[in-house]
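Peer 1: Residues per chain, in single letters:
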Amino acid sequence: MKNRDLKRREPLTDTQLLLTITICIFFTMYFAAMAIWGGGFLRWQQVFDMLNNNAALIIVACGLTVVMIGGGIDISVGGVTALVVMSCIVHMNNGGSIFTAALLALSIGLCFGLVHGFLISYLEIQPFIITLAGMFFARGMTTIVSLEPQKIAHEGFQQLMKTKIEIPWLGYIAKKGNLIPARMEIGVVVALLIVLIIFFVLKKTRLGRNFYAMGGNSQSALMLGVNVKRTRFYSYLISGVLSGIAGFVFMMHTGAGNATNAAGAEMNAIASAIIGGTLLSGGVGNVIGTLFGTLTLTTIKAIVTTSGLRDPWWQSITTGAMLCFFILLQSLVLSNRGKGGLKKMLPQWLKVTQKD
Amino acid sequence: MAKQTKINWSKHSQLLVPLLSIALIVLFNAFRDPSFFSIEITTNNAGSTVLTGNLISILNGASELAILAMGMTLVTAACGGQDISVGALAAIAGSMFVKVLRAGEITPGTIALGFVACCAVAMAFGAFNGTLVSVFKIQPMIATLVLFTCGRSVAYWINGGATPTVESPLITAIGSFIPGVPVPTPIIIVIITAIVLALVFKFTSLGLYTQAVGINQRAARLNGINTTSIKLLSFMILGVCCAIAGVIAVSRLSLINHETLLLDIEMDAILAVAIGGNALGGGKFKVAGSVLGAYAIQALTITLYAMKVPSTDVKAYKAIVIILIVVIGSPVVKAKLNQLWKKLREGKHGKEVAQA
Chain A
15 MKNRDLKRRE PLTDTQLLLT ITICIFFTMY FAAMAIWGGG FLRWQQVFDM LNNNAALIIV
75 ACGLTVVMIG GGIDISVGGV TALVVMSCIV HMNNGGSIFT AALLALSIGL CFGLVHGFLI
135 SYLEIQPFII TLAGMFFARG MTTIVSLEPQ KIAHEGFQQL MKTKIEIPWL GYIAKKGNLI
195 PARMEIGVVV ALLIVLIIFF VLKKTRLGRN FYAMGGNSQS ALMLGVNVKR TRFYSYLISG
255 VLSGIAGFVF MMHTGAGNAT NAAGAEMNAI ASAIIGGTLL SGGVGNVIGT LFGTLTLTTI
315 KAIVTTSGLR DPWWQSITTG AMLCFFILLQ SLVLSNRGKG GLKKMLPQWL KVTQKD
Chain B
17 MAKQTKINWS KHSQLLVPLL SIALIVLFNA FRDPSFFSIE ITTNNAGSTV LTGNLISILN
77 GASELAILAM GMTLVTAACG GQDISVGALA AIAGSMFVKV LRAGEITPGT IALGFVACCA
137 VAMAFGAFNG TLVSVFKIQP MIATLVLFTC GRSVAYWING GATPTVESPL ITAIGSFIPG
197 VPVPTPIIIV IITAIVLALV FKFTSLGLYT QAVGINQRAA RLNGINTTSI KLLSFMILGV
257 CCAIAGVIAV SRLSLINHET LLLDIEMDAI LAVAIGGNAL GGGKFKVAGS VLGAYAIQAL
317 TITLYAMKVP STDVKAYKAI VIILIVVIGS PVVKAKLNQL WKKLREGKHG KEVAQA
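Taken in sequence, the protein lines are chains A and B. Numbered by the working numbering, the letters in the first sequence go through residues 15 to 370 in order. Numbered by the working numbering, the letters in the second sequence go through residues 17 to 372 in order.
Incorrect hints may appear among the rest.
[As the list claims (entries may be wrong)] Subject to a maximum C-alpha distance of 27 Å in a straight line, what follows is the list of computed DSSO-like cross-link-like pairs (lysine-lysine):
id, chain 1, residue 1, chain 2, residue 2
1, A, K243, B, K350
2, A, K315, A, K176
3, B, K302, B, K350
4, A, K189, A, K176
5, A, K176, A, K165
6, B, K352, A, K243
For the record, the hints were derived by calculation from the structure and aren't laboratory data.
For reference, chain A alone in the conformation it holds in the complex:
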């Protein structure tokens, strides 16, 4: 086990290769869909819809990417998101303002992050168990807060939900001849901002580089003088806070609280991160890849729906097959890395990007 890890951990920068592959596959898939089915795929609105529907998932997946780069796992994110949605709606329906609701969302996320971080990094308990318990707790608390589905009644918030950023030059001409601009929700802006911030933190700050060092090999990171415990603590803190924000964004999209909100979000987020080239073993990953991972997952679902496979099971079966493909691809890329075998595997035009 140890030896295998050591062999794999040498370079940090091969993330770019996995990232390039993901981005290429995403664009190939999308352009293929445009060419074959046209219709909705030809409109920019399709891209914005994908972003609108998945803003919360992107935020959650960003937090998870940070944790996974640090060599951990956080499966409580979906539960925390659901808890935040439910608590904020109940809070606002009982006379709370938008500002206090946002504070509530942040503080719930922060609390989960603090507890997870403390238990995992300072008491050295396995992250899977702690965050699993966190998920159970958050899901249970959601039903304790309210078992019935709640709908938002706060007028100011309803206004906020309806506010959309219109981009006329990416719109399309409808059949009647009038221009319908592309619409983007505020949540998307938040999500993209967070992707940029996390990207900056991971690439340019000492904390970010420490995440990579810790995930690559926590023992050598410790010997290099990285405060491993504190770094691990921060990674769970970031994930917790981002789940809080994701809850708020989720609420801005749906405007309704339900005990099963964001069900399976943790596994979708993990899948997005993996497709984006993050390794669960830590040390390798990129948050831009996670963004494209989410988009790839959504595109697969859109393609399945458009292509006429209307039976309900096809969507997840294709998703599973696609996930399997990406996982195998990663495995092949990583096992051939450093042996020179990779160059033979790749087509001519990809070799250039590999040298960058």
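Based on these hints, arrange chain B on the given structure of chain A.
Peer 2: Only chain B this time, still in chain A's reference frame:
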């Protein structure tokens, strides 16, 4: 003499955590309501005498979990990771079982045929997971994420989108009671599975090999153990466990609902392995610990039900208990407690010396 006791303790100290948690739950119940443990002999609808009571329902209800925990322990020990697709795999196996039974008349012969068929399907899917893990060197959690994503849809697809029922006294006999036997059949199935597994460990070196692979894969390979096939085998055994659990779960209700059959059981099974004192990173393992862990989880759930906690809220309380158990069992807390104990003893000793 004293030395011998010490050796025995260290050999079985792993079972301390699950036994302690069961003892805590039992003590709590004894104080709360002594009648919790009463077992009554009643006559059921079919007219046969059966045993009822909370203890029986704990043993009965934990059957699927206990069987899955056995297989999960092996996978955890050999691969240092967990299979998160057991619930989905059990649903596939259950669907296959129902499909075979509905093809013709239900007789003991067709039930046996159905069982063989679903075992074969589950073993095939187990081998798929195992190949991803052992040949392609993918982490178990990611490799099984594929089946986790699409498994329930495959189960749906097998039966063509319906939730079919299988009504027969023979199926009821598997799910609840065999006429004339007062003990629920699932308990008997657990005992048979445990005996078979114990015999396998007794007469083959599977246990030793699994442990060797989990502790140091490279060293095991250099010693002539085929690590790939050991890992593959552990996943196939887990597949059989999933098939048995699926058959029990289908027989209980006489129908299959692919969405809810053994939902979230993968989390509970991993938890059972962890409470059983097995390292989630692989290596040394004790199947008995995991089985005790499974019963501890079920005892906790039944206790919460007996305290009139709504079934949706159970998760939150469960999470608190889980966190308490793992915090007490964490290495850091243990070391701190040991230090404290030493100090206390030294302090006492020092006082005695001073007094003398």
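Peer 1: Can the restraint linking K315 of chain A and K176 of chain A be considered satisfied, given a maximum Cα separation of 27 Å?
Peer 2: 26 Å, holds
Peer 1: Between K176 of chain A and K165 of chain A, is the straight-line Cα distance small enough, at 27 Å or below?
Peer 2: 15 Å, holds
Peer 1: Going straight from one Cα to the other, do K352 of chain B and K243 of chain A come out at no more than 27 Å?
Peer 2: Holds, at roughly 17 Å.
Peer 1: Given the proposed pairing of K189 of chain A with K176 of chain A, does the C-alpha separation stay at or below 27 Å?
Peer 2: 25 Å, holds
Peer 1: Do the alpha carbons of K243 of chain A and K350 of chain B lie within 27 Å of each other, as the hint requires?
Peer 2: 18 Å, holds
Peer 1: Next pair to validate is K302 of chain B with K350 of chain B; report whether the Cα-Cα distance is within 27 Å.
Peer 2: 21 Å, holds
The earlier numbered hints are all upheld by this structure, with none contradicted.
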